[in-house]
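Chemist: Sequence:
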Amino acid sequence: MVYERIVLESPPILGDLTRDEEKTKVKIAKLLRKMSNHDLYNEIYKLNIDHYLTTNYDFGFLNTIKSNHEISIENESTEKIYSIRRKKVLTNSNSKKYLWHIHGEIERPPSIMLGLDHYSGSVGKINNYIKGSYNHIINGKEIIEPTIFSKHQNNNFKNTSWIDQFFNANVHIIGLTLDYSEIDLWWVLNKRARMLRDPKWKNKLNNKVVFYTHNIDDARKGVLIALGVEVQEIVVNGNDKAKYLEFYEKFLTLFKKDYN
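Those letters in the sequence shown? Residues 34 to 293, by my numbering.
Worth flagging that the hints you see were computed from the coordinates, not collected in a lab. A couple of the hints might just be wrong.
To be verified - DMTMM-like, lysine to aspartate or glutamate: derived pairs with alpha carbons at most 25 Å apart:
| hint | residue 1 | residue 2 |
| --- | --- | --- |
| 1 | Lys254 | Asp231 |
| 2 | Lys130 | Asp91 |
| 3 | Lys254 | Asp273 |
| 4 | Lys274 | Asp212 |
| 5 | Lys289 | Glu279 |
| 6 | Lys56 | Glu42 |
| 7 | Lys276 | Asp72 |
| 8 | Lys184 | Asp72 |
| 9 | Lys113 | Glu37 |
| 10 | Lys56 | Asp91 |
| 11 | Lys274 | Asp91 |
| 12 | Lys191 | Asp83 |
| 13 | Lys283 | Glu263 |
| 14 | Lys56 | Glu103 |
| 15 | Lys67 | Asp91 |
Said to hold, decoys possible - Just the calculated beta-carbon pair ranges, DEER-fashion:
| hint | residue 1 | residue 2 | range |
| --- | --- | --- | --- |
| 16 | Lys129 | Leu278 | 23 to 33 Å |
| 17 | Lys289 | Ile249 | 21 to 31 Å |
| 18 | Gln186 | Gly271 | 30 to 40 Å |
| 19 | Thr124 | Arg52 | 30 to 40 Å |
| 20 | Asp250 | Val156 | 21 to 31 Å |
| 21 | Asp83 | Leu278 | 41 to 51 Å |
| 22 | His84 | Gln186 | 15 to 25 Å |
| 23 | Arg52 | Arg253 | 35 to 45 Å |
| 24 | Asn187 | Arg253 | 30 to 40 Å |
| 25 | Leu278 | Arg253 | 20 to 30 Å |
| 26 | Val122 | Ile61 | 19 to 29 Å |
The C-beta atom is built at its ideal place from N, Cα and C for all residues, glycine as well.
Modelling step: build the complete structure from the supplied sequences, incorporating the hints.
Modeler: See the structure below:
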C-alpha cells in the first residue's frame, strides 16, 4: 500500500490520476535502465531451461546474454498494461528460449506492476486465463484461450502465457523472496494446490514447483509446503554480496546435478 499512498498523496501533475501514475512509472523506468549486467545471468542462461520468468522490470538478464551469445530477439509483447503474454523469444543456432517479464518491463512503463490496483487487476486476468474466458487479438483475429484443464486433456499448450508453466512444466523459483505482497504468484500457487486436491485433476498435474532459499521462516515454509511447493534450503556462510554469490553458485551446482 506504500505505492498507493505515494500516488494518491502526490500533487496532481497532469490532472488525471492514470496519467500522473504513468509519469511516476516513467521515472522508475529511467532509474532502472542503469541496472548493470551480471555474469550469473549468463550461467543461468546456459542451463537446460526453455522459459525464464522474471519479476524484474529491467533488462539486466537480457543485456548480459546479448553480450555473451549470438542471439536474435523477437519481441512478442503486445500488451500495454498487463503482462499475461509479455514475452521475448531468444533464438540462436542451437535453441529457442523464452523470457517472460511477468510484472512488466521498463520498455513499457505503464506495464510496471506496482500497487494494489495493478496487482488485483492482474489476478483477475490470470483467473480468466485459467478458466477459459481470457481473450486477445492476433493478426486482427480474436482468440479465446481454452481452459487449463482443456489444454491438459488435449495436450494443447502453445506458450501463450507464463501461467501455463505452473501447470505444465517444472518451475524453479530462485532469487525471489516470495513476499506475501506478490499476490498474483501466491494466487497461482493456491489455484494449483486446489487442483491437486480435485478428483478431476488426478494424475494430470505431475510437474514440480521448487523454491530455493537460504533464509526462510517456518511459517512461510509451512505455507509453501501446504501449497505443494518443494522448499530447497541452501546453506550459505558468507555475508552481503559474498552470501548472494555463494547462494547462486550452490544453486547452479545443485540444478546441474539434478536437472541438467
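Chemist: Each hint needs a verdict: does it hold in this structure or not?
Modeler: Here is what the structure says about each hint:
A C-alpha spacing of about 23 Å is found between Lys254 and Asp231, which places the hinted pair at or below 25 Å, so the restraint holds. About 18 Å separates the Cα atoms of Lys130 and Asp91, which keeps this hinted pair within 25 Å; it holds. Among the hinted pairs, Lys254 with Asp273 is consistent with the structure: their alpha-carbon atoms are about 23 Å apart, no more than 25 Å. At roughly 21 Å between alpha-carbon atoms, Lys274 and Asp212 fall within 25 Å of each other, so this suggested pair holds.
Using a Cα cut-off of 25 Å, the hinted pair Lys289 and Glu279 holds, with the two alpha carbons roughly 15 Å apart. Under the criterion of a C-alpha separation no larger than 25 Å, the hint pairing Lys56 with Glu42 is consistent with the structure, at around 15 Å. Pair hint Lys276 plus Asp72 holds up; C-alpha atoms about 16 Å apart against a cutoff of 25 Å. A threshold of 25 Å between alpha carbons decides the hint, and for Lys184 with Asp72 the separation of about 37 Å lies outside it, so the pair is violated.
Distance hint between Lys113 and Glu37 is fulfilled; the C-alpha atoms sit about 20 Å from each other, no more than 25 Å. Between Lys56 and Asp91 the alpha-carbon distance is near 17 Å, which keeps this suggested pair within the 25 Å criterion. The straight-line distance between the Cα atoms of Lys274 and Asp91 is roughly 20 Å, inside the 25 Å bound, and the hint therefore holds. Distance check on the hinted pair: Lys191 and Asp83 sit about 13 Å apart at the alpha-carbon level, within 25 Å; holds.
Note on Lys283 and Glu263: the hinted pairing holds, with a Cα-Cα distance of about 17 Å set against a maximum of 25 Å. Restraint check for Lys56 and Glu103: not satisfied, since their Cα atoms lie roughly 35 Å apart, outside the 25 Å limit. At most 25 Å may separate the alpha-carbon atoms for a hinted pair to count; Lys67 and Asp91 meet this at roughly 9 Å. The beta-carbon spacing between Lys129 and Leu278, approximately 30 Å, falls within the hinted interval of 23 to 33 Å.
For the hinted restraint 21 to 31 Å between Lys289 and Ile249, the CB-CB distance of approximately 23 Å keeps it satisfied. Checking the proposed 30 to 40 Å range against Gln186 and Gly271 shows it is violated: the Cβ atoms sit about 48 Å from each other. Checking the proposed 30 to 40 Å range against Thr124 and Arg52 shows it holds: the Cβ atoms sit about 37 Å from each other. About 24 Å separates the C-beta atoms of Asp250 and Val156, a value consistent with the hinted range of 21 to 31 Å.
Between Asp83 and Leu278 the beta carbon distance is about 26 Å. The supplied range of 41 to 51 Å is therefore violated. Between His84 and Gln186 the C-beta distance comes to about 22 Å, which sits within the given range of 15 to 25 Å. Between Arg52 and Arg253 the beta carbon distance is about 38 Å. The supplied range of 35 to 45 Å therefore holds. Checked against the hint of 30 to 40 Å, the C-beta distance between Asn187 and Arg253 comes to roughly 36 Å, which is consistent with it.
In this structure, Leu278 and Arg253 meet the distance hint of 20 to 30 Å, their C-beta atoms being roughly 24 Å apart. Roughly 26 Å separates the CB atoms of Val122 and Ile61, a value that falls within the hinted 19 to 29 Å.
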